[in-house]
Every structure is written in structure tokens, then in C-alpha cells.
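Peer 1: Letter by letter, the chains look like this.
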Amino acid sequence: MTVKSWFPHPWLSLLLLVVWQLLMNGVSAGSLIMGAVLGLLIPILTHLFWPDPPRVHRPLVFMGFGFRVLSDILMANFEVAKLILGPSRRLQPAFVVYPLDLRHEFSISLLATTVSLTPGTVSADVSQDHRSLLIHGLDVPDERELINTIKQRYEKPLMEVFECSRT
Amino acid sequence: MESAIEWLVAALLLLGSLFALIGSFGLYKLPDFYMRLHGPTKATTLGVGSLVLASVLYFSAEGEVGLHELLITLFLFMTAPTSASMLAKAAMQVHVQRVERTKGQPWEQ
Amino acid sequence: MLQNVIIICLGMISVAMVLNLLRLFKGPDLPDRVLALDTLYINAIALIVLMGMLLRSSLYFEAALLIAVMGFVGTVAVAKYLLHGDIIE
Amino acid sequence: MELLYALTLGVLTMSGVYLLLRARTFPVVVGLTLISYAVNLFLFAMGRLHTGKPAVLAEAAEYADPLPQALVLTAIVIGFAMTAFALVLALRGQGELESDHVDGRRKS
Amino acid sequence: MGHLPILPILLPMFTGALLLLSGRRGEGFKRLLCLLATLLQIPLALMLMGQAGDGLQVYAAGNWMPPFGIVLVVDHLSALLLMVTAILATAAVIYAIRGDDHLGPNFHALFQFQLMGINGAFLTGDLFNLFVFFEILLIASYALLLHGNGSARVRSGIHYVLLNLFGSALFLIAVGTLYGVVGTLNMADLSQRIAQLSAEDAPLVGAAAMLLLVVFGLKAAVFPLYFWLPRAYAAATPPVAALFAIMTKVGIYSILRVYTQIFGETAGPLAYLAESWLWPVALLTLVLGTIGALAAGTLNGLVAYLLVVSVGTLLAGLSLGSHEALVGSLYYLVHSTWICGALFLLAGVISRCRGPRFVSRLVPGPALPKPMLLGGLFFVAAISVIGLPPLSGFLGKLLLLRSAGTGMEAAWLYPLLLGSGLIVIIAGSRAGSSLFWRTDPAASGGEPLDGIRVVSVILLLLCSPLLVVFADPMLDYLDATARQLLDPASYAQQVLNSQPTAGGGGH
Amino acid sequence: MTLALIVLLPLICVFLPLLADRKGRSLCALATMLAPVLGLVLLWSQAPTVFDGGVVVQSWSWIERLGLNISFRLDGLSFLFALLILGIGILVIIYARYYLSKNDPMGRFFSFLLLFMAAMLGVVLSENLLLMMFFWELTSLSSFLLIGYWSHSSDARKGARMALVITGGGGLALLAGVLLLGQVVGSYELSVVLASGDGIREHALYPVILVLVLLGVFTKSAQFPFHFWLPHAMAAPTPVSAYLHSATMVKAGVFLLARLYPALSDTDLWFFLVSVTGMATLLLGACTALFQHDLKGLLAYSTISHLGLITLLFGLDTQLAAVAAVFHIINHATFKASLFMAAGIIDHETGTRDMRRINGLWKYMPHTATLAMVAASAMAGVPLLNGFLSKEMFFTETLQQHQFGNYSWIVPLVAVLAGLFSVAYSLRFIHDVFFNGKPVNLPKFPPHEPSRYMKIPVEILVGLCLLVGLLPGFTVAALLAVAASATLGGDLPEYSLAIWHGFNLPLAMSFVALMLGVMIYFGRRQLLGWYVHLPQLDAKNTFERFIQRLVNLAAGFILRIEAVSLQRYLLWMLLSALLVSGYWLLQLPSLRGTVPMTQVDGATLTCALLLMAAAAATAIWHRRRLVSLVMLSVVGLFVALAFARFSAPDLALTQLSVESVTIILMMLALFFLPRTTPVESSTWGRGRDLLIAGLTGALVTVLCLAVLTRPYDSIAGFFLANSLTGGGGTNVVNVILVDFRGFDTMGEITVLAIAGAAIYALIKGLRLSRPVTDTAERVWAQDTHPFMLVNLSRLILPLALMVSMYIFLRGHNLPGGGFIAGLITAVALILQYIASGNAWTRARWGIDYHHLAGAGVVIAGLTGVGSWLFGYPFLTSAFDHFAIPLVGEIELATAMLFDLGVYLTVVGATLLILSNLGKLSITAVREPQ
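Note that the protein sequences, when read in sequence, are chains A, B, C, D, E and F.
Per the UniProt record's numbering: the first sequence ends with 167, consecutive numbering throughout.
Per the UniProt record's numbering: the second sequence ends with 109, consecutive numbering throughout.
Per the UniProt record's numbering: the third sequence ends with 89, consecutive numbering throughout.
Per the UniProt record's numbering: the fourth sequence ends with 108, consecutive numbering throughout.
Per the UniProt record's numbering: the fifth sequence ends with 507, consecutive numbering throughout.
Per the UniProt record's numbering: the sixth sequence ends with 929, consecutive numbering throughout.
Simulated from the structure, these hints should not be mistaken for lab results.
Among the hints, a few may not be true.
Claimed, not checked - Lysine to aspartate or glutamate pairs mimicking DMTMM-like chemistry, simulated, CA-CA at most 25 Å apart:
id, chain 1, residue 1, chain 2, residue 2
1, E, K370, F, D155
2, C, K26, B, D32
3, F, K363, F, D347
4, B, K29, C, D29
5, E, K370, E, D476
6, B, K103, A, D142
7, B, K103, C, D29
Using the sequences and the hints given, assemble the complete structure.
Peer 2: Next comes the structure, spelled out in C-alpha cells:
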């Protein structure tokens, strides 16, 4: 029995612990103990379903990424609201094929999620070989710019957080 | 209840509801499926997000400090993109109509 | 004041729901309808959160949470059906 | 409110019964589901309609009647089991009779 | 503390769950377990029948007293029906373990759950709990009806299931309305509260009660709700069909329970509200069942219609409402359940011997093995079910006819009941002579005769002469049953005055 | 005990012949004879009492409330009949021993015979009328078996069925009559019934009773118009005919006439019905007999005619007529039994019964011929034989009666007519068979005398005919006297049994009958020629055709009203529900009660309207099933919102989680089903459905509104008050579920577990064709495991488990509980199936869901049983608070353990259902045709 089999997803365990505190709507000794127990038990129970968990290398960068996404969401919301309320004739929708540098499944899906969460873009599909992402944009005057923005703002930090060893 | 918080809650509420409404309006108004797909993201993100925040503030002010409403947003952030992607894939499979000026092609699977 | 704001918000969400349902009826394709359903679920979350505030009760939180956790399952199921037919192959 | 509620149930029931009277298994099952929604709402309403009085004990002075709620919970679960069974039976019918007609007719 | 009243429910429940747990191995073990659990029901039922003499046994689940908690109430009627079920089920299991259980998975578990549902329906004193047990027995019956699959079963199964699903919806509406107006679910409490109902609310309760009648009527298979039955029962595997002989009786039991105990003489403007509807319905059922029996093209079909006839007959008796009529009906109920069960099993035996080409179709087929034995059994069963002497059916009919007096009721009942008897004689003699006498020498038969299956038939058939021989003690018991049923006030009092078990700990 | 023994002995010995069959035929016959011989001895032991005019009654009470006692009665009449039954029975047994061929299963024959004998003895010896009914129907049943003994022959089968239907049906009428009689009299004991004749005759029900009883009598005794079964019963082996159709079974009817004579007779109705029927039968039987070519057919019609004669006698308004009737019963039994036996011998030796072929047998079997000729002469009423005596009495009585007023002369005329026919057919029997040239084409040739023992019974019977005919006073007088006096229930009128009464009118009638009969016989060829031109009414085929018509009609009718159509059944059900509940609702004084309605708010109104719209859309778009399904889930969502709106968070949660599982389920099912529904019903049909649907909707609305606006007083307060103190939880709904009404929940999870097991059974072996193209007729996408979904599902599983844990743990105090938690877990797991496929998931989660479901039920059940250890009833809950360092105070309740059972069952059953449904597409795919 290795540590790994007893503690297969450290980050997941942490996440679960936090979620439990949120669920209990407060932190107490009882909730911490229970959260810890569950945070240990559930990953053991379910790790077979998640054979290839991601490794987080730079948690701080990740947090920064998180805040950036949140603020982007806020801004994009207003922009898109304008687009929606304006005449839809002027909109320039587009399908954009976005070439992926990320390789790990989890980070790719994280990127796709991010793209979808920021209004104005929706990641429609991931190619079979996981090399490109199909994005639909509500109003895309310039595809290249969109790709660049995503690369810079989202893919790069994710690369740092999850896949720095490889690059 | 302190009025500052009250005002803040009210603002958040209105903001959230407004965005939810705009999202649904987009869903109703936009001309093709792929464009309509963008509407609900407003509702999920800012719409529900602000409402949840308002709720957290509101109940905290009432004395029930707690952040558990945030979990709603957490889960929505996880699930909404997935369903959007699934729907887009489905739409591509069934070849729904899209406006002609759309640049690029959805790829054939 | 807050009560009134909440009621106004409820009205907005109601309108949003009506719009969703209109889209649901209009279609024209199944993905449109499912998308409308999905949005309806999200609006329902909003509605429940508002209701909880209106009634000053946190007892409705779980309902909203549950929609967030499970609401998409239906969407996913229909989408997968359209994609692949059998949703559990 | 009560009138609105009752009317809603009426429409639900009506739609359900109309579907129930169709000749194919799937619409019938959908109809039964609608009817069971209506019935659940009906049973629930027998504790009368209350706003903001969930039967979770706190300092409140008044609570909704918890008993119908418990009954409805049971009814929902049972209804779920039954719907599942009916659906699978419809499949069995399709497989065995090569038709989804409720009477197993091949051609209408 | 006697836990006896709940055992008839718990025993099959645990057995069923264990059978689910025991996986796919150990078929022999499963059979043994199922048989033992079913056999144990007989002494349980007998003990309860014995106890019923000391007055009502009220068992409060969770130690919550009525009207708040759910109570099981053992009175003469429920104990009697438990016994009827136990014996019928035993025979069905004995038949089933010779191979019919392997036509599909999970047979024994479903069988036990079915018993649980039936027993629960007989025991419970709570209207909503009755619904729950109805659902248990229904879902188990859906599965059992379809056991073995095949197009005929699926076809009639779809009808059976969908009709009953709608029936369940009506049940809930009715229960809901009753609760919404009266505010309680316990039958005893209902009966007391309905006695004090205002005239303003009475029609609402009346409507709910009549909806219940439709639901029970569907289960009991009365006109015009019985149409699903003949095809479904004829298609079911023999042990299942045999067990189902009690299912219609569950409906009748519920009618009896609800319309004598809740809407009995104490119910003011609602007193006996079902009886005026039941009388014509019962007679129509009797007539249509008889016509169906005459038209039946298979032995199974014939038996299924005979079941409908028996339902009509005993419902007619019940709607007469008098003490005497109740006694007669109950006697007939016991008799018809066992004999129809026996006939279903016998039809199964015959079908097997005639092979899949002929099964129980009433056409010349291969000669049957041991014609004296099989023919004799059929003869006895037919006599009994037709109501010819010297077997129990005759006594049952005598009791019923006698209780009709000499008035208007008799003028309807005599010709219909006896005319039905005559038609059934025709149908029965045609069936018998086709199956046993008109053999087709060219046809090749099916399986050889299986002794154990025959034993199961004999077991049930033996009940018929025994019912005649021990008619007097039996009627004494039924007399007490009827007295209890016709005294709803004392029933309500006894149930509501029961005391919780005191002791340390707990709440 | 004696009387009971007489009846019971043959019953007890029923199996003896079956056992003895293998040991040899003679032994078998001897074993059979044991019972009647013993019975005869027992009967004889009672003779002194009977001949002293006494009545032996022995009774045991049996079912008192029914008035059904085991009581037997022996008086003159029953003595006479018992004697006939036992005596002739013994002779028939001897005869049958030689009659039956080696191929016939003798044991079976004799046990049927014993059964019949017991039944017949029961009929005549019963004191209780209900008891008599037992035996009465038993005679029909056992005769059915005897007639159908040669079951390979179609005639035998049809004859048997016909006899059963007619006599059995008559028996049912008789039963009704007897029941009514008993209700009128207040007792079923004969002694009481016979003593209350006046009361009966004055009762309003008397005509009904009489008609019913006579129906029983006439069918049994083959009276017109029910006579036709008897000739066809001749398909039975001849010993059966000799026994049943001469001496016993057909006599049961006239026995009953005699038995109930004191109670029912002596009214105009009785005399009219009985005598007219008797006359018709007498004449019809005698006429028809003449034209039969079948030996036994002739005898059968002759029997009918003689039974008619007896009936007629009972219907004449003189007391002496009844005496004559009893006398003729005795005589007919002896000569007819012997004639049947003789006919059987002839049949046996020649292989045919056709009189056109059997001729001139005198040459081959003179001994038998002599016997038959004597018996036939007795039948014809030739002087010095017993038949003559009773016939003289009969003629006398026809002249004595005046019941038809001016038309009374008809009766003697009919008597003479019948007499001359009876002479003619007797003559035909003698002349055609034994003389009249040579045998034609006999199957067995040459015929010869049967074995010695076969003739003994005939000899004995013929001897009796002679003895009675010659010396009536020494032989039969005493028996007749007691029997007749028992019949009349009082003193006997004056009569004389002398052979010679001097030249009188009856003698002249006899003479005329004899002469004319001979003449008719000689003119038989013309008559026969005339007869064949008459339209032939074959009763058997007519009857069969009638029954077949009846069956076809029934089948057509059943098909019409039961028309295999679920829609029809549902309509019936809906209409019944509407009718019965509408009947009461129309009596509502006012739809709205006293409670005022609450205010509607905008959001609720909108949601309600949306709910209605979605529900209607589900129905409107039902042909496009996917669309309909999407609408359905909208409805589900709004229902959940409604629950939340009206203070039921638990329900909202449950509804939501059930909703998602239902959608998955329906999608799974829809894959294999057609995607659209064809248009099938007509506009009219749809309109009708809409109307019914609307009415049902209205019913629900009315019920709902009426209840909602009325005050009520419910038991809910108890739960609110005791939830915390008694159940240890603040979420009252949950406490009700796991504690107050935990028993319901126990049942509910059992339903789930059953559904799982049932669906598993239903899916097993199911083969379905899999659609190869999608909704737009394109091939399905190849991407079976969508990338985003796979990744999401992996993350969401632990989180969802967490949530479900949370929901589970808080259930007792806040909205939640085992059921919802179970569904969340199930959905999270199902998501794995959807995302990654069945095989992938199964490889990682090897649990048999049967076990999970079963374990859940067992845990919940054991929790309940656990309270027995503390002396409490099932499911009594216990809870306590424990202080744990650091964690603080926690509450542990048995209800939680119970809830764990619920949780496991829900997970197990749901996954059992869904994963098996999902498996369908891999395991059981059949390519479309």
C-alpha cells in the first residue's frame, strides 16, 4: 500500500474539504473532521473513475488565473449584453478552430470551460486527437485576435499550472 | 439591516436578474442556434452569480453567515460549459441551420 | 425596500422564463429546445434563490444546488441521444 | 391562488389523460407521468397551500401540514419505479411484438 | 410483546431481499428458501386466526399510536385471508419449483415480495399504507405476470400495467381528498370522523369514496373494469396465475374493508354508499364472466373467466349486505380462491402434457398420461367451481342463495346465479370432453406427467372437500367475521384505544 | 347409523374395483358387489319397522345455520326405491362382468357405478332436502361419467354432455325450488315439509316453487320437452342403460314427485302441469318408439313413454292414481331392466343393435329369446304379467278423473292410444328380432347364447315379472302398500291387486289396445314408409348445434365488448370514475367552501401559466416524441418549483432528482422506440378523447378547489408537536418518513427494489433492433465519449458524492434524506455510464446492484427488527445525543440507519434499472429487418 493508493488525489481532497465547509455553511471542529474524513474516503472510493488526475504545480498562478477569468467574465458579460440588445444583423458569428498546446485532458477541458464561461465564446468541440478546439464566437471580427487572446490570457497560465514539466 | 449592504444587495439582485433576463432575451432573439448558445452563458455566470452573491450578503446581514450559496455557482461553472459543448456537438450532428454570414465551418465528425 | 426589489427581480426572471418557453415552443430544432430547457433550469435556480430571500429562509438552498448539480444531466442525455442514439453504449 | 392551482392541476390532468388515451406506449407513459405530476400536486395540496412555512421546526408559529408532503414523497418514489417499469415494458413490447402499439398490433 | 401480526409481512420481505442478495448461484437454495418461507406463512396465519378470537390485535409500527402512526390490525377477516393466501401460495410455490421458476430471473424474490404486498394489504389499518402495499403487490404482480415473457404475456401485461398505473393515480386522488376533508388516514379514525361529517362536506367524501371503488373494482375485476383480466391471467405462467387468484380478492377485501368499516352503518348520509352501485355491477360481472367462460377457447381462458364469475358472485353476496350474505360470500371467497388456483395449476399440468402445440386449447390433442388421475382432478375441480355438490362451491352457492331471501334480490340472484351455473356446466363439460375424451391419435404429446406438480394441484383441491366437511367450524368463524365487519363502531374503538408499549429508552 | 351406512358403503367402496381390477375380472365384480350386498342386508334389517308402517329417521347435525343436516329417512317409499337400487344394482354388476369386453377398463366402470349407486341411494334415503340435492346432482355427474364411459366414441361424449346439461340444469332449478321451499317452510327436513303442505300451497311463492321443482323432476325423468337426452344416453354401455335408464336415475324424478306429493300436490296447477306433461310424454314416447330401428332406441322411447305414464298418474286427481304410479314404478323397473339386458346380450352376440339386420334370432338363442319375449309382453301389458296389472289400474284411473271438465275424456283416449303403440312396439321387438326371416349381414355370425351367468340377472328379473303378474298378493302387495301409503302420507284408499276384475271398461280398453296394436304392427311397413318422410329432428345434432351457436354468439359478444383495446378499457375506467364521483360532486351544495382564497402573485401566476402551457404542449406534440419529452421535463421542473413555492423543500428536491433520472430513462427507452407516433385515431376519436380528458381535468379541478377552500382538522399537529421530542428531528417531513410512518417508507423502498429486480427480469433476453441512423437520417456520430463530458463526469463524481453525503446527513433536521441522497449518487454514477460507456464503468465498479438493493432493504428491515430486542414494536425509533470531544454534540438516531437502508436501495435499484437498460444496446442488438 503506497501513499498514493491511500491518498490518490491530494488536490481533490482539499477541494472536497473546502466544499464540505461551504456545504456546512461554516467551519467548526466537527465539520473539519467530517470534511477530512470524506475528503479522504471519497477519492479512494472514486479514484478508479479518475485514473489520470492532474498535477497542480503552481497553485498561486492558478488562483491568479481564477481571478482573471472572473473579471473577464464580468467584463465580457457587459459587452455581450450590448451585442444581444443591439441589432443582431450586425453580429459577425464565426466558427474558429483553435490549435491547442495543452495536452493533458483535464487542462484542455479547463480551457474549454473557461472559453465557454466567458460570454461571447463557446467551445463547441474538441477534436478527436485533442489537438484543436472548435470555438463559436458570437461576434468575431478577427479570428486571429481571438486565438491570440485566448492563448495569452488563458492557455498560458494553465500551461504553467498543469504542464510546466513538459514545456 | 445596514442600509449600505441593503443597497448593495439590491444592486446585485437587479444586476443578476437583468442579466438573466438579457440571457433569455438573447436566447429568444438571436437568429441561429449557435448564436443562441451564447445567451444562457450570461444567465449562468453573471446572472446567477450576482444573485447568489446577493443572497450570501443578505443572509449574512440577517445573521446567518455562510457562503454555501457559492457552491451553486461553482457547480454551474462546471456543468454549464459541458452542456453547451454537448449541445453544440448535437447541433452539428443534426446540421441545424445557421446564419449564412457565419465564418468558418463546424467540422464534420 | 428589499422586498420590493426582490419582487421586481422575480418579475424579470418570470419574463425570462416566458421567453425561454417561447423559444422552447418555437424550436425550430431540437438543440434549440434543449438549450431553452437548460436556460429554464438556470432561471429556476435564480427564481429559487430569490424566493429564499423573499421568504427569508435558507431552506431552499438545496433545491438550487440540486438543479446546479443535476439539471444538466437531462440536457446531456438528450444531446448524447442526438449524437449517438444510445446514451449508455 | 387556490383557483389557479386547481386549474393548473386540471390542465395537467387533461393533458395527461389525453395522452393516456393514445394508442402507442410512449405517449401513454408520458401521459401517465403527467398524471402522476398532477396527482402528486393534488395530494400535496391536501395539506392546503402555505407560503414560506416549511415544516422544519424553528421558532415559527405556523407550519405547513407535513403529512401530505411525506405522502407525496412516497408517491413520487413509487411513481418513479412504476414509470421505469412501464417504460421497460414498452421496450419489451417493442422487442416481442415488433410494434409499440398498446395492443401489440403490427399495423394500425 | 407479540410481534406476530407483522411477521406475515416481514417474513417475505426479508426472504425476498435475501433472495436478491443471494445472487445467481444456488438455485436449489433459493427454491428451498422460498418454499420454507411460504410454508411458514401457514402456521403464522393459523396462529393469527386463533388470536383473532380474542378481539382485534393492533400492532403499531414504530410504537406510534393510531391515528398518528401506521397500525396493523388483525381481525377475523384479515387472519382468514392470510390463511387463504398462505395455502394458495404454498401450492403455487410447489408447482413453480419444478421448473417454471427458471423461465426468467428473480422469480422467487418477486414471489415473496408479492406475498408481502398481499399480506400487507390484508393487515394494514391505514389507508395510505394500503396504497403502498397495493403498489408492492402490483409491481411484483407486473413482473410475475410477465415472468417467462412471450408475446401473449407482454401484450396482456401492457394492458394490465398501464391500467393499474392509472388506477394508482385514482387511488392517490381519492386518499388525498379523504385526507383533505377528513384530516386523517387511519381507517378507524376515518370511520369515526366521517360519522361526524358535515352535510356540506359529505358529497366530497362520497366522491372520493366512489373513486376508491373504481380502483378496488379494477383490482377485483368487476364490470366494466375486468376486461384486462381474462387475457392476462390466461397468459400467465400457471403458478403465477394461481397466485393471482387471490389478487382479485385483495380488491374485494378492500371493498369490504372500506365500505363496511369506514362507510358502514355509522357513516350517516354516506352509509352503504357503494352497495347500490355494487349490486348491478356484480350481476353484470357475473353474466359477462359466464358468457366469457362459454366462449373461452382454452382451459386457461375458461378458468380466468370463472374467476370473473366468482368475483361477480361474491360481490353480489357482499352487496346484499346482510350478515347471512356476508358469511356466504366469505365462504365463497375462500372456496373460489383455492379452486381457481387449483384449476390454473391443473391447466398448467395439462398444457405441459399436451405439449406446446396444443397447450390447453380446447381442441382434440394427444392423449394425456394417467387420464384417470388427471381427469379425476379436473372433474373434481370442475364440480367444485361450477358449484355442484358435494364440494364447497355448492355450499357456497347455497349460502349465498339462502341469504338472498325471497324478495326482489332473490328474483335477480336466483336465475342469474343458477343460470350461470348451467352455462358453466356446458362450458366445463365441453372443455373436459375436449381435453380428456376427444383425443387425436396422430398428435404427439409433450412432457411426461410431473408428480410434484400434481401434488400441488391435489393440495389445493383437497381444500374443497375439507371446506365441506368442516363447514360448521368454518362458518362459525365466518359468523364471527361478519359480526366484526358489521360493527364498525366497535372496530374503531378498539383500534383507537390501543395502548403503546411502555418500556425504558426510546422516545 | 344404518341408513347412513347404506349410502356410505358404496361411496367408501368406490376405490375397491379400481384396486381389484388387476386381480381379475370376477374378483373385480365381486368386490363391487360387496357394497350393495351389505347394503341390502342392512336395508333388510330395517324392513320390520318399515312394514309396520314406521318411519326410520336418523340424523346428525352438520351445518345448522344452513339447515343442512345429515339426516336419513327410511319409509315405505324410500325402502322400495332402495330395494330397487340395490337389487337391480347387484344384477347389473353380475351382468356387466360378462358384458364388458377385455379392452374396457372394468375397474373404472364399476367405481363409477358405485358412485352412482351411492348418489341414488342418497337421493331416496335423504330426510333433509338440501342433503338430497347433494345426491341429486351427484347422480347427474356420475351418470355423465357412465354415459361417456366409451369416451372414444363421439356419440358417447355428446350423449353424456347432453344428459349432464339437461339433468344438471334441471337440478339447478330444483335447487332453487328446494331453497325457496325451505324458506317458506322454515326447515328442509322432509318430515316438516311434508307436514306443512297446506302452508306451502297457500304461499305466494307456491307456483314458483312448483314450477322449479317440476323442472327438476321433468328433466331427470325425461319428460317432454326435456325427453330428448335419454335416447342419446343409450350410447352408454348397456348395463348402464339397464340400471340408470330403466330402474334408477330416470326414476329419481318420479320418486321426487312421489316424495313431495303430500307437500305440493292437490292444486289445480299441479294436476294440470303434471298430467299434461305426462300425457304428452306418454304419447310421444310410445309413438316414436315404434319407429326406432335401434334396439336400445326403441327401449329408450318406451321408457320415456312409461315415465310419462307414471307422471300422468301422479297428475291425476285421484288418490288411487298415485298408488298405481308406485306400482308401475316397480313393474317398469323389472321388465325394462331385463329388456335392456336382453338387448345388451343381443348386441353383444351379434355386434349390432339395428333391428333391420337382426332377424330370426330364435334359431340361434332360444333361451334369451324366451326371456326377452316374456319381458316384452309385460311391457305390452299382456295379462298374467306384472305390466298388465299396473296398466289396468292406470286405465281405471284415467276413467276416474274429472280434472279437465268436459274434456276429461281425452285422458283415457290418450291412454288407449299409447297402449296400442306400446303393444305395437313390443310386438316389433319380439317379432323383428327373433323371427321375421334371417339375420342380415351380422358383424358377428353366427350368434349364439351368451355365457350362463350373463343370463342369470335376466332370468331373475323376468321371473319377478311373472311372479308379480301371477301372484301379486303374495309378492308385491305388502311392499306396494307401505310405499304407496308413504307416498300419500296417510291412509291408503281401497284397491285390489286381483288379476281379474271382471269385464269392465278398463279391460275393454286393454283389449282394444291389444288388438289395434297388433294391427298397427302388421301395417308397420306403410307407417315406416310414412315416417321416413317426416322431417327428422335429430335431437343430438340440434342440441349440439344450439350449443355451438350459443358458444359462437358468446364469443362474438365477448369480442365485441372486450375488444382487445387498452384505449377502450381506459375509457371504461375513466367513464366509471367520472360517473360515480360526478354523481356525488353534483350534490355538493357549493363548490367553494368557507375558507377565502389567497392572493395570486405575478411570478406564481406566470409559472402556473407556463406549467399549463408546457403540459398542453406535451400533449399537443406527442407525435414528435423527443419534443414531447423536453416539454415533459419542463413540466417536471415547474412542479418542483411549485413544491418549493408552497413550502415543501423536500418535495422540490425529490422531484428534481427523480426528474433527471426519469429523463435519462426515457431517453434510453426512446432509442429503441419509433421517434414519432403515427396518426391513428379519427378526428371524432380525438374529439371524444379530448372531451373525456377535459372532464377528468374538471373533476380534479373541482375536487381540488372544493377541498382547498374548506377548513379541515387534521392529525398534522401531532407530528409537528412530537417530531423533535419523539423522533429527534426538526425536519418533520423526514421524521414522518423515517419514523412516524417509517412503515410506508419501508414499503416504498421495497417497491423500488422490486422494480429493479422486475426490470432486470424484463430486460433479460430482450432483443431489439437498433436504429442505424439518427433523427435526421444520418449515421450516428462516432464520438461515443465526448471529451468535455468525460472530464466533467470524473470531477463531478466525488463532488456529487459529497453533496449526497451532505443531503443524507442533514435529512433528519433539514430538507434532504436518504432518498434524495441516493438519487444524487445514482445520477453521478450514471453520468459515468453516459460519459464513458458501460464497459468502462462496469470494469471499475463491479458491484451487482441486486446486492445493493437487497442489502438496503435488509438494513432498513433489520433496523426495524432491532427494536424488538428492547421489547418495542417494529421500527420503534431511538435516538440520543452524544458529546464527542472536538466534534461537539452529535445526534445518533436509529432512523439514520433506516435512512441508510433507503439510500442503498435507491442507489441499487436505480442503477440496476438504468445500467441494465443501457446494457441493452450492447448485449441484445438485433439488426433491423
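Peer 1: So, for every hint listed, does it hold in this structure?
Peer 2: Comparing the hints with the structure gives:
no.: 1; hint: E/K370 x F/D155; in the structure: holds (23 Å)
no.: 2; hint: C/K26 x B/D32; in the structure: holds (12 Å)
no.: 3; hint: F/K363 x F/D347; in the structure: holds (16 Å)
no.: 4; hint: B/K29 x C/D29; in the structure: holds (15 Å)
no.: 5; hint: E/K370 x E/D476; in the structure: violated (39 Å)
no.: 6; hint: B/K103 x A/D142; in the structure: holds (10 Å)
no.: 7; hint: B/K103 x C/D29; in the structure: holds (21 Å)
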